[in-house]
Amino acid sequence: MSPTIAVKVQREPFDVSAEAAALSRGRTDVGAVVTFTGICRGDENGEAIAALNLEHYPGMAETEIESHVAEAARRWPLTGAVVIHRFGRIVPGEDIMMVATASSHRAAAFAAADFLMDYLKTRAPFWKQVEKASGPTWVEAKAEDDSAAARWVKPHQAAE
Amino acid sequence: MSPTIAVKVQREPFDVSAEAAALSRGRTDVGAVVTFTGICRGDENGEAIAALNLEHYPGMAETEIESHVAEAARRWPLTGAVVIHRFGRIVPGEDIMMVATASSHRAAAFAAADFLMDYLKTRAPFWKQVEKASGPTWVEAKAEDDSAAARWVKPHQAAE
Amino acid sequence: MSMMLKLRYFAWVRERIGKPEEDVEIPAGVATVAELMTWLSGRGEEYAHAFDNPKVIRAAIDRSHVKPQAPIAGAREIAFFPPMTGG
Amino acid sequence: MSMMLKLRYFAWVRERIGKPEEDVEIPAGVATVAELMTWLSGRGEEYAHAFDNPKVIRAAIDRSHVKPQAPIAGAREIAFFPPMTGG
Numbered sequence: 001m002s003p004t005i006a007v008k009v010q011r012e013p014f015d016v017s018a019e020a021a022a023l024s025r026g027r028t029d030v031g032a033v034v035t036f037t038g039i040c041r042g043d044e045n046g047e048a049i050a051a052l053n054l055e056h057y058p059g060m061a062e063t064e065i066e067s068h069v070a071e072a073a074r075r076w077p078l079t080g081a082v083v084i085h086r087f088g089r090i091v092p093g094e095d096i097m098m099v100a101t102a103s104s105h106r107a108a109a110f111a112a113a114d115f116l117m118d119y120l121k122t123r124a125p126f127w128k129q130v131e132k133a134s135g136p137t138w139v140e141a142k143a144e145d146d147s148a149a150a151r152w153v154k155p156h157q158a159a160e
Numbered sequence: 001m002s003p004t005i006a007v008k009v010q011r012e013p014f015d016v017s018a019e020a021a022a023l024s025r026g027r028t029d030v031g032a033v034v035t036f037t038g039i040c041r042g043d044e045n046g047e048a049i050a051a052l053n054l055e056h057y058p059g060m061a062e063t064e065i066e067s068h069v070a071e072a073a074r075r076w077p078l079t080g081a082v083v084i085h086r087f088g089r090i091v092p093g094e095d096i097m098m099v100a101t102a103s104s105h106r107a108a109a110f111a112a113a114d115f116l117m118d119y120l121k122t123r124a125p126f127w128k129q130v131e132k133a134s135g136p137t138w139v140e141a142k143a144e145d146d147s148a149a150a151r152w153v154k155p156h157q158a159a160e
Numbered sequence: 001m002s003m004m005l006k007l008r009y010f011a012w013v014r015e016r017i018g019k020p021e022e023d024v025e026i027p028a029g030v031a032t033v034a035e036l037m038t039w040l041s042g043r044g045e046e047y048a049h050a051f052d053n054p055k056v057i058r059a060a061i062d063r064s065h066v067k068p069q070a071p072i073a074g075a076r077e078i079a080f081f082p083p084m085t086g087g
Numbered sequence: 001m002s003m004m005l006k007l008r009y010f011a012w013v014r015e016r017i018g019k020p021e022e023d024v025e026i027p028a029g030v031a032t033v034a035e036l037m038t039w040l041s042g043r044g045e046e047y048a049h050a051f052d053n054p055k056v057i058r059a060a061i062d063r064s065h066v067k068p069q070a071p072i073a074g075a076r077e078i079a080f081f082p083p084m085t086g087g
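Respectively, the protein sequence lines represent chains A, B, C and D. Here the first sequence stands for residues 1 to 160, where the numbers follow the numbering used here. Here the second sequence stands for residues 1 to 160, where the numbers follow the numbering used here. Here the third sequence stands for residues 1 to 87, where the numbers follow the numbering used here. Here the fourth sequence stands for residues 1 to 87, where the numbers follow the numbering used here.
Hint data in this document are derived by calculation from the structure and do not stem from the laboratory. Treat the hints with care, as some may be off.
As the list claims (entries may be wrong) - Looking from chain B toward chain A, a few residues come up when the C-beta cut is under 8 Å (computed):
| no. | residue |
| --- | --- |
| 1 | 7 |
| 2 | 16 |
| 3 | 17 |
| 4 | 28 |
| 5 | 30 |
| 6 | 31 |
| 7 | 33 |
| 8 | 36 |
| 9 | 37 |
| 10 | 42 |
| 11 | 92 |
| 12 | 93 |
| 13 | 106 |
| 14 | 114 |
| 15 | 117 |
| 16 | 148 |
Every residue, glycine too, gets a C-beta built ideally from N, C-alpha and C.
Could you put together the complete structure from these sequences and hints?
Next comes the structure, spelled out in structure tokens:
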């Protein structure tokens, strides 16, 4: 069976468990499902926030995520993968995005989920603005996210 | 707030989404939840199986898992962790076990889930027997599981 | 020979320039993304502010990430934005 | 001086020995887990079969993993089992 792939960029909340369940439903070759859920915290660098406003580049966001999911499916023997990323206003406690990966064996499912998260952080065209008492500010990209993503660059790509 | 910790060894099925949801309910310091679900596949080395029979060492299974969860909580700044492992007869498509980890940041949640899985595979006293047409056989431990677990041994422990 | 391009701006690049997108006629001689940023910087204070540290600005041509040295010939849509913070 | 121990067997160790547990009087001179395996091997064919490759057998004393060279003095319960395959 071919991998079950889904990529969605949406304003609405999503249901992680329903998405994860869909990866193993009706097939008996799935031995491992990994999910990652990114949740809006109530603080940013110790200062309370009222909400996140997520801006995105419509069209590019979907195609960029799809290309990373396709790359993950080339690197690991996945039976399925789902990525959902929300945009718009999100309050603390709400889910921001999710990744779910499925494979016959756990190592592939773990590695693919970790890979997808690192790439989404540094390559998917989304920008977070936080609403604080001191005014709105754009979240700055973290150097640690770049170095995490660099782990996955193959030697022949390093010069690109 | 202290980490939300739960370890269960049980015959009954479990609900991954309910367990994962409990890790972020009522607190706004959780930014990342990772879940791993191990599912019974329909084949073992290419041969169809009717079921898995999971034997365990009552008492030791719980304390062994609890000690690994406590070690994970010492190594990473977790806000919570749940491990549930079933025993008894499990048919293809059914869940075998789950790990859920939560943290303010994704790297800790991913690493702790990966660590717990590696340790559960090689240290938790469970044994899988598969029911095949050719008769029941005990699943053999994989060298790759030992080497995966060895990734987490700190240098000063390597000689133990 | 000049070319017409759709330019798109996101996050604080959009805020500094004051608009999310515009159609712009690019003069001959502006050949790369880096040169386009330099040229845009000369269009007014809001642009100069947006591009005052071009090293931190990322770009996409027709919705694919590109480096500053990428040629712009043949592009239809070029976007400028800060480093991404999704996930 | 001899000691009474509860022994527990799991998976194919249990199947080969034919019972899940037993209370056994261990003679003086059997001091480590490895020596206990050797002594058990002499108790009959089923034990010899279970412990015919002692390198693959794991042990726990009072529900904690131990190495073959671990002393058994003071133990109440010792378990023998193949490498674990949970997860």
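So, going through the hints one by one against the coordinates:
no. : hint : verdict
1   : 7    : violated, 19 Å
2   : 16   : holds, 7 Å
3   : 17   : holds, 3 Å
4   : 28   : holds, 3 Å
5   : 30   : holds, 6 Å
6   : 31   : holds, 5 Å
7   : 33   : holds, 5 Å
8   : 36   : holds, 5 Å
9   : 37   : holds, 5 Å
10  : 42   : holds, 3 Å
11  : 92   : holds, 4 Å
12  : 93   : holds, 6 Å
13  : 106  : holds, 6 Å
14  : 114  : holds, 6 Å
15  : 117  : holds, 6 Å
16  : 148  : holds, 7 Å
Of the hints listed earlier, the one the structure fails to meet is number 1.
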